[in-house]
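Residue numbers (UniProt numbering), protein chains in the order written: chain R, 1 to 421; chain F, 1 to 495.
Hint data in this document are derived by calculation from the structure and do not stem from the laboratory. If you're wondering where the values come from, they're calculated on a predicted model, not measured in any experiment. Just so you know, even glycine gets a beta-carbon here, dropped at the ideal spot from N, CA and C. Check each hint, because a few of them may be wrong.
Straight-line C-alpha distance at most 30 Å; calculated DSBU-like pairs for lysine-lysine [what the hints assert, rightly or not]:
id	chain 1	residue 1	chain 2	residue 2
1	F	Lys223	R	Lys58
2	R	Lys129	F	Lys223
3	R	Lys129	F	Lys357
4	F	Lys127	F	Lys154
Negatives, chain F to chain R, calculated, CB over 10 Å [claimed, not checked]:
id	residue
5	Val5
6	Thr7
7	Phe23
8	Asn68
9	His87
10	Lys101
11	Phe213
12	Met218
13	Arg385
14	Met389
15	Ala410
16	Thr456
17	Lys459
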Amino acid sequence: MAAAVGVGQQWVLVEMVQAFYEAPAYHLILEGILILWIIRLLFSKTYKLQERSDLTPKEKEELIEEWQPEPLVPPVSKDHPALNYNIVSGPPTHKITVNDKECINFASFNFLGLLDNEKVKNAAQASLKKYGVGTCGPRGFYGTFDVHLELEERLAKFMRTEEAIIYSYGFATIASAIPAYSKRGDIVFVDEAACFAIQKGLQASRSNIKLFKHNDMVDLERLLKEQESEDQKNPRKARVTRRFIVVEGLYMNTGDVCPLPELIKLKYKYKVRIFLEESLSFGVLGEHGRGITEHFGINIDDIDLISANMENSLASIGGFCCGRSFVIDHQRLSGQGYCFSASLPPLLAAAAIEALNIMEDNPDIFQTLQGKCKRIHRALQGISGLKLVGESFSPALHLQLEESCGSRENDVKLLKRVVDY
Amino acid sequence: MLVAVLTYVGYGVLTLFGYLRDFLRQWKIEKCQNATEREEQKDFVPLYQDFENFYTRNLYMRIRDSWNRPICSVPGAKVDMMERVSHDYNWTFMYTGRVIKDIINMGSYNYLGFAQNTGACQEAAAKVLSQYGAGVCSTRQEMGNLDKHEELEKLIARFLGVESAMAYGMGFATNSMNIPALVGKGCLILSDELNHASLVLGARLSGATIRIFKHNNMQSLEKLLKDAIVHGQPRTRRPWKKILILVEGIYSMEGSIVRLPEVIALKKKYKSYLYLDEAHSIGALGPSGRGVVEYFGLNPEDVDVMMGTFTKSFGAAGGYIGGKKELIDYLRTYSHSAVYAASLSPPVVEQIITSMKCIMGEDGSTFGKECVQQLAENTRYFRRRLKEMGFIIYGNEDSPVVPLMLYMPAKIGAFGREMLKRNIGVVVVGFPATPIIESRARFCLSAAHTKEILDTALKEISEVGDLLQLKYSRHRLVPLLDRPFDETTYEETED
Numbered sequence: 001m002a003a004a005v006g007v008g009q010q011w012v013l014v015e016m017v018q019a020f021y022e023a024p025a026y027h028l029i030l031e032g033i034l035i036l037w038i039i040r041l042l043f044s045k046t047y048k049l050q051e052r053s054d055l056t057p058k059e060k061e062e063l064i065e066e067w068q069p070e071p072l073v074p075p076v077s078k079d080h081p082a083l084n085y086n087i088v089s090g091p092p093t094h095k096i097t098v099n100d101k102e103c104i105n106f107a108s109f110n111f112l113g114l115l116d117n118e119k120v121k122n123a124a125q126a127s128l129k130k131y132g133v134g135t136c137g138p139r140g141f142y143g144t145f146d147v148h149l150e151l152e153e154r155l156a157k158f159m160r161t162e163e164a165i166i167y168s169y170g171f172a173t174i175a176s177a178i179p180a181y182s183k184r185g186d187i188v189f190v191d192e193a194a195c196f197a198i199q200k201g202l203q204a205s206r207s208n209i210k211l212f213k214h215n216d217m218v219d220l221e222r223l224l225k226e227q228e229s230e231d232q233k234n235p236r237k238a239r240v241t242r243r244f245i246v247v248e249g250l251y252m253n254t255g256d257v258c259p260l261p262e263l264i265k266l267k268y269k270y271k272v273r274i275f276l277e278e279s280l281s282f283g284v285l286g287e288h289g290r291g292i293t294e295h296f297g298i299n300i301d302d303i304d305l306i307s308a309n310m311e312n313s314l315a316s317i318g319g320f321c322c323g324r325s326f327v328i329d330h331q332r333l334s335g336q337g338y339c340f341s342a343s344l345p346p347l348l349a350a351a352a353i354e355a356l357n358i359m360e361d362n363p364d365i366f367q368t369l370q371g372k373c374k375r376i377h378r379a380l381q382g383i384s385g386l387k388l389v390g391e392s393f394s395p396a397l398h399l400q401l402e403e404s405c406g407s408r409e410n411d412v413k414l415l416k417r418v419v420d421y
Numbered sequence: 001m002l003v004a005v006l007t008y009v010g011y012g013v014l015t016l017f018g019y020l021r022d023f024l025r026q027w028k029i030e031k032c033q034n035a036t037e038r039e040e041q042k043d044f045v046p047l048y049q050d051f052e053n054f055y056t057r058n059l060y061m062r063i064r065d066s067w068n069r070p071i072c073s074v075p076g077a078k079v080d081m082m083e084r085v086s087h088d089y090n091w092t093f094m095y096t097g098r099v100i101k102d103i104i105n106m107g108s109y110n111y112l113g114f115a116q117n118t119g120a121c122q123e124a125a126a127k128v129l130s131q132y133g134a135g136v137c138s139t140r141q142e143m144g145n146l147d148k149h150e151e152l153e154k155l156i157a158r159f160l161g162v163e164s165a166m167a168y169g170m171g172f173a174t175n176s177m178n179i180p181a182l183v184g185k186g187c188l189i190l191s192d193e194l195n196h197a198s199l200v201l202g203a204r205l206s207g208a209t210i211r212i213f214k215h216n217n218m219q220s221l222e223k224l225l226k227d228a229i230v231h232g233q234p235r236t237r238r239p240w241k242k243i244l245i246l247v248e249g250i251y252s253m254e255g256s257i258v259r260l261p262e263v264i265a266l267k268k269k270y271k272s273y274l275y276l277d278e279a280h281s282i283g284a285l286g287p288s289g290r291g292v293v294e295y296f297g298l299n300p301e302d303v304d305v306m307m308g309t310f311t312k313s314f315g316a317a318g319g320y321i322g323g324k325k326e327l328i329d330y331l332r333t334y335s336h337s338a339v340y341a342a343s344l345s346p347p348v349v350e351q352i353i354t355s356m357k358c359i360m361g362e363d364g365s366t367f368g369k370e371c372v373q374q375l376a377e378n379t380r381y382f383r384r385r386l387k388e389m390g391f392i393i394y395g396n397e398d399s400p401v402v403p404l405m406l407y408m409p410a411k412i413g414a415f416g417r418e419m420l421k422r423n424i425g426v427v428v429v430g431f432p433a434t435p436i437i438e439s440r441a442r443f444c445l446s447a448a449h450t451k452e453i454l455d456t457a458l459k460e461i462s463e464v465g466d467l468l469q470l471k472y473s474r475h476r477l478v479p480l481l482d483r484p485f486d487e488t489t490y491e492e493t494e495d
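Build out the structure end to end from the sequences listed, making use of the hints.
Set out below in structure tokens:
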């Protein structure tokens with residue numbers, strides 16, 4: 001009904017009136033409703049999106065004056081147990097001087113006793129003479145030394161994987177590795193007793209986290225099944241959500257191992273990738289010290305990423321991840337603790353290489369360690385009032401109170417008295 | 001204007017070629033050099049989306065040889081580099097076994113020249129190494145607190161002029177684990193646009209609300225502060241518990257120095273707290289090397305949390321936080337790093353102690369003071385000469401970090417390679433560390449650079465600049481003109 005100017009207005013009007021009568025009913029009703037709606041919109045009040053309270057500048061000044069922030073940190077009481085550190089004088093080896101008292105050292109993670117080893121120290125000295133102490137740069141900008149490359153190669157060869165990558169701090173290793181692969185929207189199944197570094201890595205990755213009960217494969221399978229049924233409802237989304245399981249070889253919080261063979265079966269059944277954190281089990285479990293994969297006799301290619309820190313058995317500082325090149329190479333550009341942080345001081349890398357040499361040359365130290373662990377485990381079993389938690393071959397054990405005193409504070413005080421004696 | 005257009009054209013061409021090659025790779029016409037997934041895991045959800053790695057595969061791979069260059073000597077003023085060649089356009093590298101000697105090192109963060117393998121620092125570190133061993137094998141709250149650590153912390157507190165201090169094993173970890181201990185939900189963090197990844201990660205992990213103000217822009221910061229206090233939290237309108245301002249002393253990609261007097265004035269007016277990250281500025285600024293606070297002549301007690309790292313000026317590794325005694329006591333008990341992460345390694349601690357004493361002059365010589373002065377002279381001289389030559393340089397006149405603008409993607413690779421041919425090692429940075437059209441080459445000056453070294457470097461830079469047409473600046477500086485102190489001089493691009 002384009003109103004083209006016709007011959008004589010009256011004639012056009014007549015045509016319009018005729019069309020009006022000929023139009024179907026619903027058309028007329030629709031037009032009527034639209035006209036009414038327009039009239040309503042024209043006359044209704046406009047709503048503001050945000051209530052911008054127009055405060056006068058004087059009121060703003062008053063508000064700023066009134067506002068009192070909290071103190072930056074809350075005060076800490078003087079006898080908080082964690083405030084006063086024990087001062088260790090001298091090297092933290094087997095015999096240790098704490099607060100001027102000589103004790104046998106059951107507290108450091110020096111599992112293979114390599115902290116005091118002369119060969120390790122000599123290697124570090126040689127490196128110190130050649131390179132100085134610091135590296136003065138991240139890996140990308142002239143911070144890559146030939147010792148780093150050598151250490152990466154040696155670790156990859158030792159663990160029988162394709163590639164390894166080194167971080168300059170043990171905590172940062174797993175906390176940078178997880179967010180490099182798992183982003184917002186991905187799903188991670190993690191054990192309840194995972195260590196703090198893993199928790200921080202998960203928090204930084206912003207993925208969906210599903211906790212399963214410690215070492216409980218039935219619980220994990222239940223969660224995986226739930227996830228599978230969710231996936232079937234939304235297959236397009238499921239095709240791009242990555243799924244990971246993060247477990248530790250030897251848990252620091254409980255002292256037991258994860259059931260790796262069952263995990264591998266679950267991996268292939270539900271198509272999830274496994275990230276294994278071997279901080280305590282590297283250099284401890286297995287015939288040659290290769291960790292829990294050797295302990296259970298599993299093909300190392302089945303695990304997507306193994307991460308460990310060198311601060312326990314290797315008596316150095318730093319951490320590494322190893323796995324296939326496909327997986328590890330990604331971290332060279334997207335691992336935050338790798339790209340944005342200075343590289344490991346070369347003397348610590350040289351110490352780690354020498355420690356690896358010792359580990360490869362003397363495979364019987366692992367047997368010695370296991371034997372000693374079993375002895376201590378047996379000896380500590382019979383103490384009344386204290387319960388021993390941890391596997392028999394684990395070098396890290398927890399002693400817990402059999403019965404709780406009632407409140408957590410009293411428990412902590414009692415344990416501290418045991419420790420101080 | 002022309003430069004901006006050409007830069008975009010350059011990126012456009014690269015992107016087109018990138019799509020073409022991806023297409024060829026998918027249809028197997030061109031060989032795929034990437035590592036691939038295992039056969040057994042082909043039906044798993046793919047680990048990386050194809051698009052995420054587009055930039056890596058097509059742009060980064062072409063110029064990958066400018067980064068991760070392996071060196072095999074101490075990272076001082078001159079360094080030896082291992083030679084590597086690539087036969088398949090940078091997909092794999094092979095080491096020929098030859099070593100390129102005496103490359104002038106303008107890339108390492110060696111501001112005061114303490115990266116040495118001889119001298120008092122190294123001898124002290126060697127002694128401690130033979131006594132204590134290399135590692136610590138324990139966290140700080142357990143058996144990891146050696147007497148050396150206590151000594152170090154007292155020394156840091158004295159150096160900075162604060163009440164007390166605490167040292168950590170890694171600079172990145174210091175930020176990412178202590179900011180969550182200081183602020184939490186219900187607090188507000190105001191962070192500069194160009195803050196380092198560790199500060200951003202720490203702020204995110206803390207759970208507080210984050211608002212970003214424009215780089216070094218005090219009006220933007222003031223506006224945010226006013227709005228925050230007046231309107232409170234976004235939906236509940238309750239007042240904020242605390243406000244923390246995160247700034248850095250020297251920004252490593254821009255070379256600009258924070259406007260500290262104005263930030264402190266704002267902080268006092270609006271009752272917020274200031275967290276200053278002096279990773280690059282400690283040891284490098286100030287008449288006696290005590291950082292950006294001394295550079296402006298302010299009181300260190302005005303800054304609530306002074307954080308820094310030992311990697312750059314002290315030639316060691318690790319980070320520290322200094323401040324009032326209550327703050328440090330609180331961090332000793334509640335910081336994640338103290339409870340769960342290993343402490344500093346003993347020889348590294350000794351290196352820090354010796355170098356700090358040297359800078360303070362406590363070891364009896366004036367070596368430290370001379371280094372600081374030498375660095376300041378080098379900075380001024382280098383920057384002036386580069387400006388005279390006509391390059392575009394960002395940053396403050398006194399900062400030892402000198403970014404030289406390249407803009408076009410092809411010049412990134414070309415600059416790095418040409419300088420290496422002339423035996424000078426430089427650092428080039430592009431996306432994602434900088435905005436995509438503002439790629440740059442960054443020079444880090446050092447007290448170990450003598451005037452001859454700088455002159456050689458300047459000559460070569462000028463040559464390469466002429467070759468690649470990098471002298472964009474239309475402002476020509478009259479030589480030997482004494483300019484007064486100027487804050488954050490930005491050269492404008494042709495618009």
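Consistency of the hints with the structure:
no.	hint	verdict
1	Lys223/F to Lys58/R	holds, 16 Å
2	Lys129/R to Lys223/F	violated, 53 Å
3	Lys129/R to Lys357/F	holds, 21 Å
4	Lys127/F to Lys154/F	holds, 21 Å
5	Val5	holds, 29 Å
6	Thr7	holds, 22 Å
7	Phe23	holds, 21 Å
8	Asn68	violated, 5 Å
9	His87	holds, 18 Å
10	Lys101	holds, 14 Å
11	Phe213	holds, 17 Å
12	Met218	holds, 17 Å
13	Arg385	holds, 23 Å
14	Met389	holds, 24 Å
15	Ala410	holds, 20 Å
16	Thr456	holds, 18 Å
17	Lys459	holds, 21 Å
The earlier numbered hints that this structure contradicts are 2 and 8.
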